[in-house]
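**Student:** Spelled out from the first residue to the last, the chains are:
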Amino acid sequence: EPEVTQTPSHQVTQMGQEVILRCVPISNHLYFYWYRQILGQKVEFLVSFYNNEISEKSEIFDDQFSVERPDGSNFTLKIRSTKLEDSAMYFCASRGTSGYTGELFFGEGSRLTVL
Amino acid sequence: AQSVTQPDIHITVSEGASLELRCNYSYGATPYLFWYVQSPGQGLQLLLKYFSGDTLVQGIKGFEAEFKRSQSSFNLRKPSVHWSDAAEYFCAVGANAGNMLTFGGGTRLMVKP
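Chains B and U, in that order, give the protein sequences.
759 is the number that the numbering used here gives to position 6 of the first sequence; each next residue is one higher, with no gaps.
1054 is the number that the numbering used here gives to position 102 of the second sequence; each next residue is one higher, with no gaps.
It cannot be assumed that every hint is accurate.
Said to hold, decoys possible - Using 20 angstroms as the maximum straight-line C-alpha spacing, the simulated SDA-like pairs for lysine to any residue come out as follows: (1) B:Lys831 x B:Ser819; (2) B:Lys810 x U:Gln1023; (3) B:Lys795 x U:Lys1020; (4) U:Lys1020 x U:Asp1006; (5) B:Lys795 x U:Asp1006; (6) U:Lys1001 x U:Ala969; (7) U:Lys1001 x U:Glu967; (8) B:Lys795 x U:Lys1013.
As the list claims (entries may be wrong) - Computed far set for chain U versus chain B, every beta-carbon distance over 10 angstroms: (9) Glu967; (10) Glu972; (11) Leu998; (12) Ser1025.
Unchecked claim - Selected chain B positions facing chain U (in silico; Cβ < 7 angstroms): (13) Phe798; (14) Glu812; (15) Phe814; (16) Glu856; (17) Glu861; (18) Arg864.
Just so you know, the hints here were simulated from the structure itself, not pulled from any lab data.
Small disclaimer: the values here were computed from a predicted structure and weren't measured.
Using N, Cα and C, we set each Cβ at its ideal position, and we do this for glycine too.
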């Protein structure tokens, strides 16, 4: 069964460092997303990406965050200068082209710990 | 703004017992509603979804949910719980299937033998 894969599964970094989280969406999907979950809190939408541009983003997704699809398979989330409050589980998701009813497929998440 | 409330943070049921997980939402228009499950070390898996039509929707693993507009609820049910159902369950609402889903805080289900 096709799946969304994320790397790394866990990353520890120092405050102020840049972090790149990587995702390989399902191959024929065209819509890509990042969500995050701070420990003990709700899963929160960060950004959606379609046709090589951001289609929607939340208030969380400020100038410290960026997304990119550098090639035909990867979808990355970059945090330029990490803060303690960026510590969270980051989920990548992708969706096919079944209009508004297409299912979101989530990866297993990348846990980011900022020290 | 849309919001989702899952009143129960933890629920423990005996194997074979019935289960109901509560979800209440706030949304200005007709919502798209979802239930996701997250097993330890796994990603979020879609159990079922409601967009329109029959208010009782069937999902995978024997789960069902009922949309009640008058109560702004979308409770998840299963008639007989299995030990493998132990996981965290998330209710979500959105304007469509993907963009800007708003999740509830989750309910952690434990199953006693």
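**Student:** Now tell me if each hint is right for this structure.
**Tutor:** So, going through the hints one by one against the coordinates:
1. Distance check on the hinted pair: Lys831 of chain B and Ser819 of chain B sit about 5 angstroms apart at the alpha-carbon level, within 20 angstroms; holds.
2. Of the supplied pair hints, the one linking Lys810 of chain B and Gln1023 of chain U is violated, its CA atoms being roughly 30 angstroms apart against a limit of 20 angstroms.
3. A threshold of 20 angstroms between alpha carbons decides the hint, and for Lys795 of chain B with Lys1020 of chain U the separation of about 23 angstroms lies outside it, so the pair is violated.
4. Using a Cα cut-off of 20 angstroms, the hinted pair Lys1020 of chain U and Asp1006 of chain U holds, with the two alpha carbons roughly 11 angstroms apart.
5. Note on Lys795 of chain B and Asp1006 of chain U: the hinted pairing is violated, with a Cα-Cα distance of about 29 angstroms set against a maximum of 20 angstroms.
6. For the suggested pair Lys1001 of chain U and Ala969 of chain U, the alpha carbons sit about 24 angstroms apart, so the restraint of at most 20 angstroms is broken.
7. A distance of roughly 25 angstroms separates the Cα atoms of Lys1001 of chain U and Glu967 of chain U; the hinted pair therefore is violated under the 20 angstroms criterion.
8. Restraint check for Lys795 of chain B and Lys1013 of chain U: not satisfied, since their Cα atoms lie roughly 24 angstroms apart, outside the 20 angstroms limit.
9. At the 10 angstroms boundary, the C-beta of Glu967 of chain U stays outside the reach of chain B, the nearest C-beta of that chain being 26 angstroms off.
10. A cut-off of 10 angstroms between C-beta atoms confirms that Glu972 of chain U is not in contact with chain B; the least separation is 21 angstroms.
11. Not every CB of chain B is more than 10 angstroms from the CB of Leu998 of chain U (nearest about 5 angstroms), against its label as outside the interface.
12. The claim that Ser1025 of chain U lies off the interface holds: its Cβ sits roughly 18 angstroms from the closest Cβ of chain B, which is beyond the 10 angstroms cut-off.
13. A hinted interface residue such as Phe798 of chain B counts as satisfied when its beta carbon comes closer than 7 angstroms to some beta carbon of chain U; here the least separation is about 5 angstroms, so the hint holds.
14. For Glu812 of chain B, the suggested interface contact is broken, since its CB lies about 11 angstroms from the closest CB of chain U, more than 7 angstroms.
15. Violation of the interface hint for Phe814 of chain B is found here, the shortest Cβ-Cβ separation to chain U being roughly 11 angstroms, above the 7 angstroms cut-off.
16. The beta carbon of Glu856 of chain B comes within 5 angstroms of a beta carbon in chain U, closer than 7 angstroms, and the hint placing it at the interface holds.
17. At about 4 angstroms, the closest approach between the beta carbon of Glu861 of chain B and any beta carbon in chain U falls short of 7 angstroms, and the interface hint on this residue holds.
18. The restraint placing Arg864 of chain B at the interface with chain U is violated, with a minimum CB-CB distance near 11 angstroms, outside the 7 angstroms limit.
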